[in-house]
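Each chain is listed here by its residues.
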Amino acid sequence: MIFPSFIFLSAYGDGLASEILPPEVIGNKNVTLSINSSPFLIDNTHVGTQINFILQDASNQEPFQDVTLAVSAFKNDQALFGHVFMSDSGNFLFDVAPDNSSSKIAINEEGGPFAGLLGHGGSYQIKGPVFASGGLYKFKIEVLTVGSYDNQVSKSYNAAISIPETNNYTINDKEDGKQTVTVIAYYDQIKNFQYNSDNKTMTFSMPFNWSPDNLKQVSVVHQELKIPRPFTNFIVTKYDAFVNGVKLEDRSVSIDDYSSDEYRIVHLILYKQEANTIAAQQHNAKSEMDFALSPSNETAFPITQYTRNAQYKVSLSWDPPKILAGQTTRFSFQILDPYLVNKTVDSIDYDFSIIAGKNGLMFHKSGTTSNNGDPNTIDVKFPDNYTGPITIGFENLNGNSFSDSEISGVVSKPHIVPEFPAGPLVVIAAMFSVIIIFPRFSRT
Amino acid sequence: MKIKRGIGILLAGVVMFLAGHFLAQLVLDLIPTINPANSSAIADANYHMLSISNQLSIISQFGIIVMVIGGIIFFVDKRKPRIQD
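In order, the protein sequence lines correspond to chains W and S.
According to the working numbering, the residues represented by the first sequence are 1 to 444, in order.
According to the working numbering, the residues represented by the second sequence are 1 to 85, in order.
Be aware that a few hints might be false.
Ranges between beta-carbon positions, derived for each pair [to be verified]:
# : chain 1 : residue 1 : chain 2 : residue 2 : range
1 : S       : Ser39     : W       : Ile269    : 36 to 46 Å
2 : W       : Thr182    : S       : Pro36     : 34 to 44 Å
3 : S       : Ile65     : W       : Asn100    : 42 to 52 Å
4 : S       : Ser40     : W       : Val25     : 13 to 23 Å
Which stretches of chain S does chain W cover? Using the computed rule of at least three CB atoms under 8 Å from a CB of chain W, they are [said to hold, decoys possible]:
# : region
5 : 26-34
6 : 43-49
7 : 54-62
If you are wondering where the hints come from, they were derived from the structure by calculation, not from laboratory data.
Remember, it's a predicted structure, so these values are computed and weren't measured experimentally.
Cβ coordinates follow ideal geometry from the N, Cα and C atoms, glycine included.
Can you make the complete structure from the sequences, with help from the hints?
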């Protein structure tokens, strides 16, 4: 193996919990750096993080021997620590224990006071006020030796690891009252979370480097918002989401009603392509992403969802799009083949239910779907005395208890319009009076 | 005070082992790793300090061999008078 000394090259990585950086040539070898961190999802009181670096041959994924790395870590452009690490196997494991009680960062190789005397296992303990909070941690990794501790090279990698951070925000909605919205930021820490009750919009910001170099490497930016189901203004079929004033495509906003009974989970996911589109369209390129999320005035019908066992796909829409208490809503649905586009399955049995919240059965009907692929319709009269979240459930499709699907909706209060609006009548009467009386006075 | 040559070699080995190991660690800890501007002076320092650290590590490993040799000589010297007796 030939590794010439002092080749200044660099590779970049983005903020993920696991990634393999693009291969670069050192000597006659394609060398990649694999980065992993665990636990991937942590809460804000986590006790530690493990970070694993492996310098490996890109052709066969085998780690190199006798690797020395000079690693420096940064957060928000502030240096956290820098240290030289050695591993005979090319596999490095950093056990990071956040400790805010001490201002100093202690980095020790595992193996007691004479660690590294007869070899370097590559396991290190890092203890101090680092990794105590979530966000984007950037690493500059200089490869100093590869293949042998005497074989010095110079190779630079830029990598980053995102540690997700969970934050709860209590907001006050004019109609739904106090609600607690949870935001899990998977890329970097968010700030300035605000809710405007008048235009029903949540806004928050996240630091982001819009430089072409960074955009080239960012593979995904992900925000997860947990919206409590009683927050009915935000339980809608479609959301309008913006980043720096640029509206996101529908595919960037996904709704998860499955994972939690208490929350509707909304994912804002920007892949490389969406990030580049925003970079091209935005007017004010400051170093952050300003997110805005609000319920859309449009409806995203039909709502399509797989059954729990992925045997079928349920396509559902309803009319009128706003379900009102005391009024009848027509639900139209089709049971589709999960693997073919818009292909309905043959006639099957179904149970259709509407549940107030998650438990109170409001309507139930068992039936058989149509044989010709036409939408099946069910008219449901909603009671006057219930407004709030509902679950529209399909169960026992074709007699299979695992073939079920749940879709969330909201029953709203109807806007009562007076049958004989008194105000306009008074105005009209006054106008006619003026028209009749004014000519008489003008003659005299 | 006369020190037996075995013990002298053993002590020299201990000094080589301890000094080599801890100085190697010290030099390793002092390497300026934070180099955001990619300064070539810092890169040069990395190169030379890592070389020094590696050489000190070799000295400490060699110290173990010297300790073993010292021990062997000490016991051999101890046995010699008995053979003469």
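State, for the Cβ atoms of S/Ser39 and W/Ile269, whether the hinted interval 36 to 46 Å holds or is violated. Since S/Ser39 and W/Ile269 have Cβ atoms about 39 Å apart, the given range 36 to 46 Å holds.
Verdict on chain W covering the region 54-62 of chain S, where coverage means 3 or more residues with a C-beta closer than 8 Å: holds (count 4)
How does the Cβ-Cβ distance of W/Thr182 and S/Pro36 compare with 34 to 44 Å: does it lie in that range? Holds: the Cβ-Cβ distance is about 35 Å, inside 34 to 44 Å.
Per the hint of 13 to 23 Å, is the separation of the Cβ atoms of S/Ser40 and W/Val25 within bounds? holds (21 Å)
Check whether three or more residues of the region 43-49 of chain S sit with their beta carbon closer than 8 Å to a beta carbon of chain W. Result for this restraint: holds, n = 3.
A range of 42 to 52 Å was offered for this pair. Does it hold for the Cβ distance of S/Ile65 and W/Asn100? Given range 42 to 52 Å: holds, Cβ gap about 45 Å.
Is the listed coverage of the region 26-34 of chain S by chain W valid when you require three or more residues with a beta carbon under 8 Å from a beta carbon of that chain? holds (count 6)
Consistency note: the structure conflicts with none of the earlier hints.
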